[in-house]
Amino acid sequence: MIPATFAYHRPNSVSEAIALLAELGEEARPLAGGHSLIPMMKLRLATPVALVDLGGIADLRGIRRNADSVHIGATTTMAELIGSAELAAAIPIIRETALVVADPQVRARGTLGGNVANGDPGNDMPALMQCLGASYLVAGPAGARDLPARDFYQGAYFTSLLPGEVVTGIRIPLPAAGHGYAYTKLKRKVGDYATAAAAVILTFHGGRIAHCAIGLTNVGDTPLFAEDAAAILTGSALDAATVDRAVAAAEAITSPASDGRGPAAYRTKMAGVMLRRALARAAARATQ
Amino acid sequence: MAKTHVTMTVNGQAVEGLVEPRTLLIHFLRDTLNLTGPHIGCETSHCGACTVDLDGQSIKSCTMFAVQAEGADVLTIEGVANPDGTLHALQEGFREMHGLQCGFCTPGMIVRAYRLLQENPNPTEDEIRMGISGNLCRCTGYQNIVAAIQFAAARLNAPALQEQAA
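Same order as they appear, the protein sequences are chains A and B.
All residue numbers for the first sequence refer to the working numbering, where the first residue is 1 and numbers rise by one.
All residue numbers for the second sequence refer to the working numbering, where the first residue is 1 and numbers rise by one.
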């Protein structure tokens with residue numbers, strides 16, 4: 001399988017990349033790790049006339065811990081997320097999630113920016129970024145702007161990015177000290193997209209949940225931020241009846257496709273099961 | 001489409017060539033450099049038969065353009081044997097432990113295992129299985145591939161152990 005022809009550009013700076021994308025027009029695409037785009041190009045489902053390779057832009061790579069947040073450059077790979085001791089200490093759920101993305105070779109090339117910007121509901125990072133309250137830092141011909149992950153996804157492969165814009169980085173607020181976390185993913189085999197997956201961050205105060213955030217992967221056209229389920233849990237001691245109500249609220253917002261991963265009703269139930277397990281694991285990890 | 005000049009190091013040798021931007025790294029290796037060890041299996045980034053080592057990481061060479069590898073240091077199965085021509089411990093392990101049947105996945109499997117043992121010189125069985133999870137084998141059931149990698153790890157760790165004992 002050989003992609004259609006395209007012109008290749010490898011700029012050294014973000015401003016050069018933005019200028020190139022503006023000049024080349026809407027049929028040009030930025031290229032990060034390429035592990036979604038290149039397979040699509042090989043199948044000729046994507047036929048960009050030009051690629052602007054972001055791989056040569058040193059500024060787009062790396063992990064930086066600030067006072068109250070972590071900044072991750074868009075072309076930082078899954079392998080780099082897994083390998084960062086600083087990130088594992090600050091926001092351990094990112095490593096837990098990156099480890100269940102695809103396989104080692106794909107993780108060596110696949111990037112965080114590509115994972116969140118592509119708008120593929122099967123990708124694991126978007127729901128996690130919604131759970132964490134992350135913002136995407138975007139640069140484009142009209143300047144730079146920050147887009148909250150919770151508002152970013154409009155539909156399958158359809159995001160708030162405008163033509164000519166690229167995600168340059170992701171800013172993630174530090175979760176509270178003593179928080180519990182878990183990303184649970186049901187998949188048919190290593191490397192598969194999720195049948196359903198759930199990301200949970202929570203904190204306890206006096207034996208009750210003080211804060212809770214939940215994201216769901218691949219059970220709708222977009223990642224899902226399960227706000228109602230989290231609100232039900234907040235203030236509770238995570239008792240069985242409350243968990244049942246929260247799981248029902250989370251299941252209610254899913255609308256998965258019936259596909260090779262199972263009928264829609266099954267995938268909805270599996271989203272509930274993944275949430276239940278993520279809550280239990282997060283609670284066990286939290287400072288009570 | 002205009003061709004682009006690329007240079008890289010492959011198995012320790014400086015190489016160059018003219019490629020279209022759409023030329024995949026696997027096609028550059030196989031068709032231009034005649035290195036037919038890395039195989040084209042699924043062509044959909046799943047099977048790992050095309051695995052090569054690129055700047056110290058295992059990658060799928062069917063999911064990367066040759067132009068992206070400009071300046072890179074690449075290792076294929078052809079470069080794995082010891083400089084004196086004797087087999088690398090992994091190659092020895094695959095032979096001794098019957099780590100292959102049809103052999104199609106073997107070049108990718110060995111090159112992946114080569115990097116895995118650099119990352120983790122003494123992996124558990126579970127770590128080996130997860131470490132090669134991007135490489136599919138349809139013959140062996142993986143049992144003897146795991147055994148072959150364990151054989152190689154023990155062989156590669158042996159000098160260090162002897163030094164410790166001494």
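By construction, these hints were calculated from the structure, which means they are not laboratory data.
Where a beta carbon is used, it is the ideal one built from N, C-alpha and C, also for glycine.
One or more hints might be untrue.
Just some of the chain A residues that point at chain B, by a computed CB distance under 10 Å [claimed, not checked]:
(1) Arg10
(2) Pro11
(3) Ile38
(4) Pro39
(5) Met41
(6) Gly55
(7) Ala58
(8) Ala102
(9) Arg107
(10) Arg109
(11) Leu186
(12) Lys189
(13) Gly191
No more than 20 Å apart at the CA atoms, straight line, and that leaves these computed lysine to any residue pairs for SDA-like [as the list claims (entries may be wrong)]:
(14) Lys189/A <-> Asp31/B
(15) Lys269/A <-> Asp228/A
(16) Lys189/A <-> Glu125/B
(17) Lys42/A <-> Val67/B
(18) Lys3/B <-> Ala4/A
(19) Lys189/A <-> Ser133/B
(20) Lys42/A <-> Glu20/B
(21) Lys42/A <-> Glu127/B
(22) Lys3/B <-> Asp228/A
(23) Lys3/B <-> Gly262/A
(24) Lys42/A <-> Thr140/B
(25) Lys269/A <-> Gly235/A
(26) Lys189/A <-> Gly17/B
(27) Lys189/A <-> Val67/B
(28) Lys3/B <-> Lys189/A
(29) Lys187/A <-> Asp221/A
(30) Lys187/A <-> Thr47/A
(31) Lys3/B <-> Val49/A
(32) Lys189/A <-> Ala240/A
(33) Lys189/A <-> Cys139/B
(34) Lys189/A <-> Arg129/B
(35) Lys3/B <-> Ile2/A
(36) Lys42/A <-> His27/B
(37) Lys42/A <-> Asp31/B
(38) Lys187/A <-> Glu127/B
(39) Lys3/B <-> Tyr8/A
Going straight from one Cα to the other, do Lys42/A and His27/B come out at no more than 20 Å? holds, 13 Å
Identify whether the interface hint at Pro39/A stands, where standing means a beta carbon of chain B within less than 10 Å of its own. holds, 5 Å
With a cut-off of 20 Å on the C-alpha distance, tell me whether Lys187/A and Glu127/B pass. Holds, at roughly 19 Å.
Given the hinted pair Lys3/B and Ala4/A, is their alpha-carbon gap at most 20 Å? holds, 14 Å
Hinted pair Lys189/A and Glu125/B, Cα distance within 20 Å: holds, 18 Å
Run the distance test for Lys187/A versus Asp221/A: straight-line Cα separation, threshold 20 Å. holds, 18 Å
Tell me if the straight-line CA distance from Lys3/B to Val49/A falls inside 20 Å. Holds. Lys3/B to Val49/A sits at ~15 Å (cutoff 20 Å).
How about Lys189/A: closest beta carbon in chain B under 10 Å, or not? With Cβ-Cβ at 9 Å, under 10 Å, it holds.
Would you check the hint for Lys3/B and Lys189/A, treating anything up to 20 Å between C-alpha atoms as holding? Violated, because 40 Å separates the two Cα atoms, which is more than 20 Å.
Is the interface hint for Met41/A satisfied, with its Cβ closer than 10 Å to some Cβ of chain B? holds, 8 Å
Tell me if the straight-line CA distance from Lys3/B to Gly262/A falls inside 20 Å. violated, 46 Å
Less than 10 Å between beta-carbons is the criterion; does Ala58/A satisfy it with respect to chain B? violated, 14 Å
Of the numbered hints given earlier, the model fails hints 2, 7, 11, 14, 21, 22, 23, 24, 25, 26, 27, 28, 30 and 32; all others are met.
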